[in-house]
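2 protein chains.
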Amino acid sequence: MPAPVSLTEILPIDYPIIQAPMLGVTTPDMVAAIANAGGLGSLPVGGLSPEKTADLIRATKARTRKPFAVNLFTHETTLPVDPAELDAMQDWLAGLYAEYGLPFERRGPADFTFYGYRDQVAVLLSERIPVVSFTFGTLEPAVIDSLKRQGSRLIGTATSVREARLLAELGVDAVVAQGVEAGGHRGSFLTDEALPQVGLMALLPQVAAAVSVPVIAAGGLFDAGTVKAVFGLGAAGVQLGSYFLASDESGASAAYKEAVLNAGDTATTLTRAFSGRWARGIRNGFMARVEQSGLAILPYTYQNSLTAALRAYGQQHNLTDLIALWAGQSASQSRRGPCRQLLLSLVDALRRDPEPVF
Amino acid sequence: MPAPVSLTEILPIDYPIIQAPMLGVTTPDMVAAIANAGGLGSLPVGGLSPEKTADLIRATKARTRKPFAVNLFTHETTLPVDPAELDAMQDWLAGLYAEYGLPFERRGPADFTFYGYRDQVAVLLSERIPVVSFTFGTLEPAVIDSLKRQGSRLIGTATSVREARLLAELGVDAVVAQGVEAGGHRGSFLTDEALPQVGLMALLPQVAAAVSVPVIAAGGLFDAGTVKAVFGLGAAGVQLGSYFLASDESGASAAYKEAVLNAGDTATTLTRAFSGRWARGIRNGFMARVEQSGLAILPYTYQNSLTAALRAYGQQHNLTDLIALWAGQSASQSRRGPCRQLLLSLVDALRRDPEPVF
Chain P
1 MPAPVSLTEI LPIDYPIIQA PMLGVTTPDM VAAIANAGGL GSLPVGGLSP
51 EKTADLIRAT KARTRKPFAV NLFTHETTLP VDPAELDAMQ DWLAGLYAEY
101 GLPFERRGPA DFTFYGYRDQ VAVLLSERIP VVSFTFGTLE PAVIDSLKRQ
151 GSRLIGTATS VREARLLAEL GVDAVVAQGV EAGGHRGSFL TDEALPQVGL
201 MALLPQVAAA VSVPVIAAGG LFDAGTVKAV FGLGAAGVQL GSYFLASDES
251 GASAAYKEAV LNAGDTATTL TRAFSGRWAR GIRNGFMARV EQSGLAILPY
301 TYQNSLTAAL RAYGQQHNLT DLIALWAGQS ASQSRRGPCR QLLLSLVDAL
351 RRDPEPVF
Chain Y
1 MPAPVSLTEI LPIDYPIIQA PMLGVTTPDM VAAIANAGGL GSLPVGGLSP
51 EKTADLIRAT KARTRKPFAV NLFTHETTLP VDPAELDAMQ DWLAGLYAEY
101 GLPFERRGPA DFTFYGYRDQ VAVLLSERIP VVSFTFGTLE PAVIDSLKRQ
151 GSRLIGTATS VREARLLAEL GVDAVVAQGV EAGGHRGSFL TDEALPQVGL
201 MALLPQVAAA VSVPVIAAGG LFDAGTVKAV FGLGAAGVQL GSYFLASDES
251 GASAAYKEAV LNAGDTATTL TRAFSGRWAR GIRNGFMARV EQSGLAILPY
301 TYQNSLTAAL RAYGQQHNLT DLIALWAGQS ASQSRRGPCR QLLLSLVDAL
351 RRDPEPVF
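Quick note, the sequences are listed as chains P and Y, same order. Sequential numbering of the first sequence, starting at 1, is according to our numbering. Sequential numbering of the second sequence, starting at 1, is according to our numbering.
One thing to keep in mind: the hints can contain errors.
Copies of the same chain are indistinguishable here, so a pair counts whether it falls within one copy or spans any two.
Cut-off 25 angstroms, straight-line C-alpha distance, at most; resulting in silico cross-link-like pairs (SDA-like, lysine to any residue) [to be verified]:
id, residue 1, residue 2
1, Lys52, Thr78
2, Lys257, Arg162
3, Lys257, Ala194
4, Lys148, Pro109
5, Lys52, Thr138
Calculated from the structure, these hints are not laboratory results.
Just chain P, same shape as in the assembly (with noise of 0.2 angstroms):
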């Protein structure tokens, strides 16, 4: 295995170590925070409008002159749905949100909008993007191409062999290889066998065996111990979620860092009830109700947008049975305080270690 290209030569950052991005956790003030004490922060923009994605981004840019990572769902978004389907999961959705006193208004499969990461790209250009980080698949090779034109860096994530190897082809600066412990969304796209359940253990080394691109390792890294042992595997940095979610700047309720905190190795589970994609959360009621509908989950993002107004109201009112606790295997060995802190105290027990990996 040849020494892996260092992270901190191809991308702007002192330390190979990325904040991941956390749609509806991550707030400009992480991904500032983090850009300013030399990590790479993520500021996640996956299915926003075009409006919205500037918006988020100046705001980061009024809070640091840092460089930071901007992250895309590069999922299609033509996907059609059942009608059946849609019309089945509404009726059960509008009981539930009538349980709460909520409005649910019904749709058709006409009626939804969704944003696409082409919507996203002329904003990514003009605001001078250093760095873009992408999910849910593979960018077309015209953006790829106007995104390298500009000196914008490819960060694309992977759950498989396959999928790291498409990507790399594909011209990516560097892969995240997701392993299973990794909260949220799975990024898996090459899906046509099964869902890519791997292990970090098992995913990493492969990886790393298979392309020659430096790999960042996700999912179930929390402390210098986990961070030394993927670089050992061949990783070329880290990408850590979990461990800023409970962090000052997360923008996570308090219920939903308290539970975060409390969480146990095998509190949380895979489940497409939240958005119709897989993803990581701690178990809950609202997971569990609609196992035991046994109605078909819609596709992403139809799901995801018909959830979204009862994923708000439990944000607002504490309700974790109502909201994604995405949250990853070792979720409940984060810590409160500043990300600031939370990133300086991981990498000054790294450059103690007789060793240090960077």
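Once you have looked at the hints, place chain Y on chain P.
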């Protein structure tokens, strides 16, 4: 985290490397080869009669004068089966057996004989087995006492922090932390919420922090890099199964070995189709057909008994669609060769490390 007790201090071995018990694959030759080379061989006897258990132990002793472990299945053998579900599964399996010209003998719920670990304890005591490992549960206190009084070391299997804590409280000498990457049966026994599916990167450090006995890492380990990584995460030893699957001493058929060496990182899945208990194996025709049947899979070991003749036929005729191709998520990284060479090449690579872990 206190430095873990060295496994070589409490077990009669030179290297803290355990060959995982693989029922149907592990032979007395394999166990003896590992023992003779300085590792801990594990002879699987789960569910076997006392006579067969004694025969296998003596066959192994005839091949080595070194100590080895005997591995028990410690599930309760008195689980009831739903008569209607038993009928339906037998109807379906009778059709499948007929496709291969195999006779199928229908049985009633009372026609099954299952041996449990309690039936085997007398043999273990009279054979003075120095290390008794077990999976699928705990051992009852009287059995623990009698084995310990004779000087046996006990190793339990955990797939969650809760299981590890329970085993440690019962007085085991070491705990195997089995990550979701591992091939073969999940050792899980506290499944009231859901089957634990924790990746080793998340499971191991949390287990190591929770118990004071040495922790043995299992799942996805296949080389010096992965072994070194888990020592850094708090392991005092490792248990490798797939690594020895294609070895000369393995009882796997030629077709099974070939399938293992060609398995990709996503080739395996967890299934109950073969035995009634969750286990990781390479996807094949039998799994797919059981799934398509929509039938309720019978509890362990009813399902296991009913599929036994079909699996034996598949093993004899190299039909990989009929046999349980148990394998972990890094199984393709294993190699052919004598077990002694596989073990010692791993030891050599670890010892050549500038910071050897043992």
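Verification of the hints:
{"no.": "1", "hint": "Lys52 - Thr78", "verdict": "within (21 angstroms within a copy, 60 angstroms between copies)"}
{"no.": "2", "hint": "Lys257 - Arg162", "verdict": "between (35 angstroms within a copy, 22 angstroms between copies)"}
{"no.": "3", "hint": "Lys257 - Ala194", "verdict": "between (32 angstroms within a copy, 23 angstroms between copies)"}
{"no.": "4", "hint": "Lys148 - Pro109", "verdict": "neither (36 angstroms within a copy, 67 angstroms between copies)"}
{"no.": "5", "hint": "Lys52 - Thr138", "verdict": "within (22 angstroms within a copy, 55 angstroms between copies)"}
Checked against the numbered hints given earlier, this structure breaks only hint 4.
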